[in-house]
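There are 2 protein chains.
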Amino acid sequence: MPKPLVVNLFEMNCVSHIVHGLWSHPDNNRHRINDIEYWKELAQLLEYGTFDAVFLADVIGAYDTFRDGLDTAVREAMQIPRNDPFLAIAAMAAVTRNLGFGGTFSTTYEPPFGFAQRISTLDHLTNGRLGWNIVTSYLPNAARNFGLDDEIPHDKRFEIADEYIDVLYKLWEGSWEDSAVLFDRESRIYADPARVHYIDHASEHYKVEGPHLTQPSRQRTPVLFQATGSKAGAEFAGRHAEVVFTGGGTPEEVRANIRLMKARAVAHGRTPDSIKFLVRAAVIVGRSDLEAQKKLEGYRKYQSVEAALAHGQSHFDFARVPPSVKLSTILPKDYKGHWRRLADTAPEVTVGEALRQIGGFNEGRYFVVGTPKTVVDEIERWIDEDGIDGINLLQFLTFETARDFIERVIPELRRRGRFRESYNDGETLRERIFGAGHSRLPAEHYGARYRNNPAALKIPTQRLRFAETPADASIAPLAAVAARTPTIKRTAAPTALP
Amino acid sequence: MPKPLVVNLFEMNCVSHIVHGLWSHPDNNRHRINDIEYWKELAQLLEYGTFDAVFLADVIGAYDTFRDGLDTAVREAMQIPRNDPFLAIAAMAAVTRNLGFGGTFSTTYEPPFGFAQRISTLDHLTNGRLGWNIVTSYLPNAARNFGLDDEIPHDKRFEIADEYIDVLYKLWEGSWEDSAVLFDRESRIYADPARVHYIDHASEHYKVEGPHLTQPSRQRTPVLFQATGSKAGAEFAGRHAEVVFTGGGTPEEVRANIRLMKARAVAHGRTPDSIKFLVRAAVIVGRSDLEAQKKLEGYRKYQSVEAALAHGQSHFDFARVPPSVKLSTILPKDYKGHWRRLADTAPEVTVGEALRQIGGFNEGRYFVVGTPKTVVDEIERWIDEDGIDGINLLQFLTFETARDFIERVIPELRRRGRFRESYNDGETLRERIFGAGHSRLPAEHYGARYRNNPAALKIPTQRLRFAETPADASIAPLAAVAARTPTIKRTAAPTALP
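Same order as they appear, the protein sequences are chains A and B. Quick note on our numbering: the first sequence kicks off at 1 and runs consecutively. Quick note on our numbering: the second sequence kicks off at 1001 and runs consecutively.
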């Protein structure tokens, strides 16, 4: 039986997410994000199409480094305005039964106790359909929204995240035993106090007494998502992540990343298949290759290079240099990253070429345009040659992209046995990804040590430590990052471009 | 025209809220709180009944001081398990159009930036139907869930709250001008950067750069609710609150509280009618007075004195003393508060009498049992004699209490012109309470100074300062507190019993 494809829609509660400028397309619905009807319509469309999940990225700061201010981001609605992801998920949960959800939250700025209870509440409300994308937040403005003067260094953020998530596991897995809730009206015992525990967590950054205020939800711990493009990120994923949005611009890079992270998972006592790998994918489908190409050309008319530069936090204003100038002659000496390497290795490359890349749709390996046959042929290569498990479908137009995929791509995937015929009604998100009976973290996962095991709450745990060094060359950054981020402050490789 | 009544349902995302023990009643639905269908059913019932709003209390710690542990609270489901209120509101918003919502959040432990964006998101998703109940959190365990060793003293918490809410106003009112969002696809300007502002807040406890990431919602600032039983609370309400859950066991006390808070509002430049006053009310209705009385007797069978003692954080175990013993002979010397005063002024009062009060339904002024006529006669007295504007309806059984009110009390209120015939479709919560056209904070409200006025963001504001002293005798605590809280640690009067 051929390996099936996991299909998530890539969303964010904002007007312009990652396809810069297309909010201004007359057929786009993205300006409706403030309206609950948008989310209900989207959720019901995706459930009609039997998507696995809708995945919401997030940021908690504005992109205000390009041209030293907010102007470009605000004009282009580039992730500002942006709203909370989890409240939209709660609204979508009310009008669906099977669609899964993933939401992004940062471990860096808000206390774990508050987050833990919100997530448990939402895993209850979705009846176990929830995933959490773990991020540590990379915008300087985010730091300044939460009382800091500047960002915490990249690897330090991962150290904090490793403590943070340990608090969460103790609350989600350890605080209430499976047998705690009795709901015995006759004897008047709702829960057995002997099976509800304080967690008494104390580590460098967190001190949390507990108990968890929420009783265990179906999954207890939501499905743990992560996007990695750094050595520290890969180490973190090895211990914690269950679904990884992997980077890399070429099949070789993606395969290498997957190998590396599987190896890290094994090093943490997990099985190699305990992590599923998703790539961000662009799929433009038409009844003919020409129709699909025309659709792409139609999208291109609305692209914004400036929004892409703002998103990339560029410290060099490519857009204000004549396109014919050679990059190598004009790039500042202290400029680091992708464009520096390109300028050094290919001195003839012009600013115009750089701008085409920056303002483009990141048209690398996971970008396909054509008939359903063309598209699914390509998707099958991603699965079989690169070893991916699924995609996070990029939206050019909301809701056109999802509709096209549902009406044209999914039937073809089904014909080839690459996509389920229908939902298994009532399954959790973790069961959908890892199979029936797998609603909870597997026993060998780090977080499972606390489950029904109050003694484990008292054992000090070995924290992950990440050296304050640039990422290892053996992990390729997310393709989006490589193409769109002309320079990155302080850290050699960002963890994810939301 | 007679003064109409505001009717909120008093809810909390927990199994046993404030009517102790009744979760064990066979007709109660409270154990269903983890199920989204509970919230959908409740919201649609209340909207069918044209309730003004459903109001959700909250706590972020366990009641673990009684008998030095969690046992009683966990056995009795006494606000543990408890889930997040705002996620339930988002789910309810998806299946209603007019019902208002109030949710509780504490200003003490989580950063204002994260909260500000969640509330703005929810005001968008509800299309302006949101209220926020401002609390500062009074449980020692809550403090220990957020890294502290013990509670911050009462009045200090209000000082922090006054800074916290100033950050919120700057984000909600000041960061985006009304004219900022252009949504101009042709010119490709989503918003005008000249009208989106950093807030650059810096005060003793908070440093927040902004801008707000969410564009202005219909109400900008949600309707501000507060429950007060302290002098500091009254001062805070005078500046900030728009709806106050007022305390006091007698009409005189309630009238005095209302007078005091109106005076504080006036001292802060507001009109006397800028605050609406709600009381927590218990209404048990039957087709005859006898039927209603029998219903009450039926509820009594499930009452739990021990849960009430746990809720009151009692440091003296009334339940383990023979009921015939006189309170004055057995109450510890250092015991403070209501029972101390009672023991001193009425030395003949027995422990049995104290237990009847503690375990009772707080059957004071705002407790009525009888036919619709009996009930509404009484409610009219509350409105006309005591000067209240509305009620927070206590639930004995979910959904029986709300159904009874809808089917039997609302028709009688309508006959007397005390309740609207239908919703004004599409109005905001603030309009429902303060009239058409009043979706935003009124101009004279402290928070409105920042609206469309970026210069105001740069003016340092005069913070409220509350002396570290016991509450002034001129404000009577919430009735629930007086009856149920045998002793209160550190602070002379708690702000609210959630």
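Hints were generated in silico from the structure; no laboratory data involved. Please note: incorrect hints may appear among the correct ones.
[What the hints assert, rightly or not] Per label pair, the in silico range of CB-to-CB distance:
| hint | chain 1 | residue 1 | chain 2 | residue 2 | range |
| --- | --- | --- | --- | --- | --- |
| 1 | A | Y423 | B | D1425 | 31 to 41 Å |
| 2 | B | S1179 | A | R320 | 25 to 35 Å |
| 3 | B | R1356 | A | S179 | 43 to 53 Å |
| 4 | B | P1002 | A | A194 | 19 to 29 Å |
| 5 | A | Y423 | B | Y1048 | 29 to 39 Å |
| 6 | A | P411 | B | Y1048 | 35 to 45 Å |
| 7 | B | H1438 | A | G352 | 49 to 59 Å |
| 8 | A | E444 | B | Q1462 | 57 to 67 Å |
| 9 | B | A1443 | A | K294 | 36 to 46 Å |
| 10 | B | P1332 | A | H438 | 47 to 57 Å |
| 11 | B | I1459 | A | E348 | 52 to 62 Å |
| 12 | A | Y48 | B | Y1048 | 47 to 57 Å |
| 13 | B | H1438 | A | D178 | 49 to 59 Å |
[Claimed, not checked] In silico DSBU-like links for lysine-lysine, alpha-carbon gap of 30 Å or less:
| hint | chain 1 | residue 1 | chain 2 | residue 2 |
| --- | --- | --- | --- | --- |
| 14 | B | K1003 | B | K1301 |
| 15 | B | K1276 | A | K40 |
| 16 | B | K1458 | B | K1156 |
| 17 | A | K207 | B | K1294 |
| 18 | A | K301 | A | K373 |
| 19 | B | K1207 | A | K156 |
| 20 | B | K1301 | B | K1326 |
| 21 | B | K1003 | B | K1276 |
| 22 | A | K301 | A | K156 |
| 23 | A | K301 | A | K326 |
| 24 | B | K1373 | B | K1294 |
| 25 | A | K207 | B | K1156 |
Every residue, glycine too, gets a C-beta built ideally from N, C-alpha and C.
Evaluated hints:
no. : hint                         : result
1   : A:Y423 - B:D1425: 31 to 41 Å : 35 Å, holds
2   : B:S1179 - A:R320: 25 to 35 Å : 29 Å, holds
3   : B:R1356 - A:S179: 43 to 53 Å : 36 Å, violated
4   : B:P1002 - A:A194: 19 to 29 Å : 55 Å, violated
5   : A:Y423 - B:Y1048: 29 to 39 Å : 31 Å, holds
6   : A:P411 - B:Y1048: 35 to 45 Å : 41 Å, holds
7   : B:H1438 - A:G352: 49 to 59 Å : 55 Å, holds
8   : A:E444 - B:Q1462: 57 to 67 Å : 58 Å, holds
9   : B:A1443 - A:K294: 36 to 46 Å : 54 Å, violated
10  : B:P1332 - A:H438: 47 to 57 Å : 54 Å, holds
11  : B:I1459 - A:E348: 52 to 62 Å : 56 Å, holds
12  : A:Y48 - B:Y1048: 47 to 57 Å  : 28 Å, violated
13  : B:H1438 - A:D178: 49 to 59 Å : 51 Å, holds
14  : B:K1003 - B:K1301            : 37 Å, violated
15  : B:K1276 - A:K40              : 34 Å, violated
16  : B:K1458 - B:K1156            : 25 Å, holds
17  : A:K207 - B:K1294             : 50 Å, violated
18  : A:K301 - A:K373              : 26 Å, holds
19  : B:K1207 - A:K156             : 22 Å, holds
20  : B:K1301 - B:K1326            : 25 Å, holds
21  : B:K1003 - B:K1276            : 12 Å, holds
22  : A:K301 - A:K156              : 42 Å, violated
23  : A:K301 - A:K326              : 25 Å, holds
24  : B:K1373 - B:K1294            : 17 Å, holds
25  : A:K207 - B:K1156             : 22 Å, holds
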